[in-house]
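Turn these sequences into a full structure, and let the hints guide you.
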Amino acid sequence: MSKKVSKRYAIISDLHSNVEALTNVFADIKSQGVEDIICLGDVVGYGPQPREVMAMTMKTVRVSLMGNHDEAVLKGAKNFNAWAREAIDWTREEVQVQDGFEKERWAYLKRMPLSFQTNGLYFVHGSPRQPTIEYILREDIYNGAYDKFDEIFESFDKVLFVGHSHTPCIINEELDYVTPAEIEHNFVYTRDKNKLIVNVGSVGQPRDNDTRSCYVIVDDETITFRRVEYNVDVVVEKIKAVDRLSDNLGLRLKKGV
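Read in this note's numbering, the sequence shown has 701 at position 75, and its numbers run on one by one without any break.
Possibly wrong hints are sitting among the right ones.
As the list claims (entries may be wrong) - Simulated pairs of lysine-lysine, PhoX-like, Cα-Cα distance not exceeding 25 angstroms:
| # | residue 1 | residue 2 |
| --- | --- | --- |
| 1 | Lys729 | Lys685 |
| 2 | Lys880 | Lys866 |
| 3 | Lys880 | Lys864 |
| 4 | Lys864 | Lys881 |
| 5 | Lys819 | Lys774 |
| 6 | Lys633 | Lys784 |
| 7 | Lys736 | Lys701 |
| 8 | Lys784 | Lys774 |
| 9 | Lys685 | Lys656 |
| 10 | Lys866 | Lys881 |
| 11 | Lys784 | Lys821 |
| 12 | Lys656 | Lys633 |
| 13 | Lys656 | Lys704 |
| 14 | Lys701 | Lys729 |
| 15 | Lys774 | Lys821 |
| 16 | Lys704 | Lys729 |
| 17 | Lys736 | Lys685 |
| 18 | Lys736 | Lys704 |
| 19 | Lys864 | Lys685 |
| 20 | Lys633 | Lys685 |
| 21 | Lys633 | Lys819 |
| 22 | Lys633 | Lys821 |
| 23 | Lys819 | Lys784 |
Keep in mind the hints are simulated off the structure, nothing from the lab.
Put into structure tokens, the structure is as follows:
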């Protein structure tokens, strides 16, 4: 999928049925004067309000890509752990609740593209090689996965934006790995001749020991990581109220892991 959108937009990922987090992130995006939003997938899964989050993204997000949890709702949760698999099975039932919007929700999931390109940038949930399931991790660098990185860097022109691991970072062709804090949350990518892989972090389930939602704003020159607070305790209680969602899914939100 390829088309032109504005030259400044917000990139969000891994919303995971977290209304409180997404509401505050949308408000922050609006406060920054950004209109176009690209979602890198995993709108659903783990969290307690899949229908509400789907409605919010369907209304507000310009492009919404397929993540592994979105795909699992459609096709089944293969290779998921027990907590995630049960959450997917429950989410599928929620998506199909007959409230007049069930067909629209199902169609929304089915039409999610696997990738998106605009203005020379590439967007995908996992990686260009396996769009919904392959992780690009810091450990890949330590483990010497050079062929993997060669293939990935060959597949895009300048900047690749991903989610999936819930851990924000930037990796260049020399396999230098930096966190948002190390670059003061701001990076002028036009000054770097290297191609870049940018993980935009997670809105609904951050895993970098920071409980705040994370997303990225990109323009012609700069990549900016934004952190947004939300009421984690409210979401934890909502998860507890759903018998089929493990309480551990709420506890990890309180730790940012």
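Do the hints match the structure? See the list:
Distance restraint check for Lys729 and Lys685: the Cα-Cα separation of roughly 16 angstroms lies within the 25 angstroms cut-off, and the hinted pair is therefore satisfied. Of the pairs offered as hints, the one joining Lys880 and Lys866 holds, with about 13 angstroms between alpha carbons and a cut-off of 25 angstroms not exceeded. The suggested pairing of Lys880 with Lys864 holds, with an alpha-carbon distance near 13 angstroms, which does not exceed 25 angstroms. Restraint check: the Cα-Cα separation between Lys864 and Lys881 comes to about 17 angstroms, which is no more than 25 angstroms; the hinted pair holds.
For the proposed pair Lys819 and Lys774, the alpha carbon gap of about 20 angstroms is at most 25 angstroms, so the pair holds. Restraint check: the Cα-Cα separation between Lys633 and Lys784 comes to about 15 angstroms, which is no more than 25 angstroms; the hinted pair holds. Our distance criterion of 25 angstroms between C-alpha atoms is met by Lys736 and Lys701, whose separation comes to about 10 angstroms. Simply put, Lys784 and Lys774 have alpha-carbon atoms about 17 angstroms apart, close enough for the 25 angstroms limit, and the pair holds.
Proximity of Lys685 to Lys656 is assessed by CA-CA distance (about 14 angstroms); at most 25 angstroms being required, the pair is judged to hold. Between Lys866 and Lys881 the CA atoms are separated by roughly 16 angstroms; this keeps the pair inside 25 angstroms, and the hint holds. Restraint check: the Cα-Cα separation between Lys784 and Lys821 comes to about 5 angstroms, which is no more than 25 angstroms; the hinted pair holds. The straight-line distance between the Cα atoms of Lys656 and Lys633 is roughly 16 angstroms, inside the 25 angstroms bound, and the hint therefore holds.
The hinted pair formed by Lys656 and Lys704 fails the criterion: a straight-line CA distance of about 37 angstroms is larger than 25 angstroms. Taking the CA atoms of Lys701 and Lys729, the gap is near 16 angstroms; set against the 25 angstroms cutoff, the hint holds. Between Lys774 and Lys821 the CA atoms are separated by roughly 15 angstroms; this keeps the pair inside 25 angstroms, and the hint holds. Only pairs whose Cα atoms come within 25 angstroms are accepted, and Lys704 paired with Lys729 is accepted, the gap being roughly 24 angstroms.
Straight-line distance between C-alpha atoms of Lys736 and Lys685 comes to about 17 angstroms, which keeps the hinted pair within the 25 angstroms bound. Between Lys736 and Lys704 the alpha-carbon distance is near 18 angstroms, which keeps this suggested pair within the 25 angstroms criterion. Proximity of Lys864 to Lys685 is assessed by CA-CA distance (about 23 angstroms); at most 25 angstroms being required, the pair is judged to hold. This hinted pair checks out: Lys633 and Lys685 have alpha carbons roughly 21 angstroms apart, not beyond 25 angstroms.
Note on Lys633 and Lys819: the hinted pairing holds, with a Cα-Cα distance of about 20 angstroms set against a maximum of 25 angstroms. With a CA separation close to 19 angstroms, the supplied pair Lys633 and Lys821 stays within the 25 angstroms bound. Taken as a hint, the Lys819 and Lys784 pair is honoured in the structure, with Cα atoms around 9 angstroms apart against an allowance of 25 angstroms.
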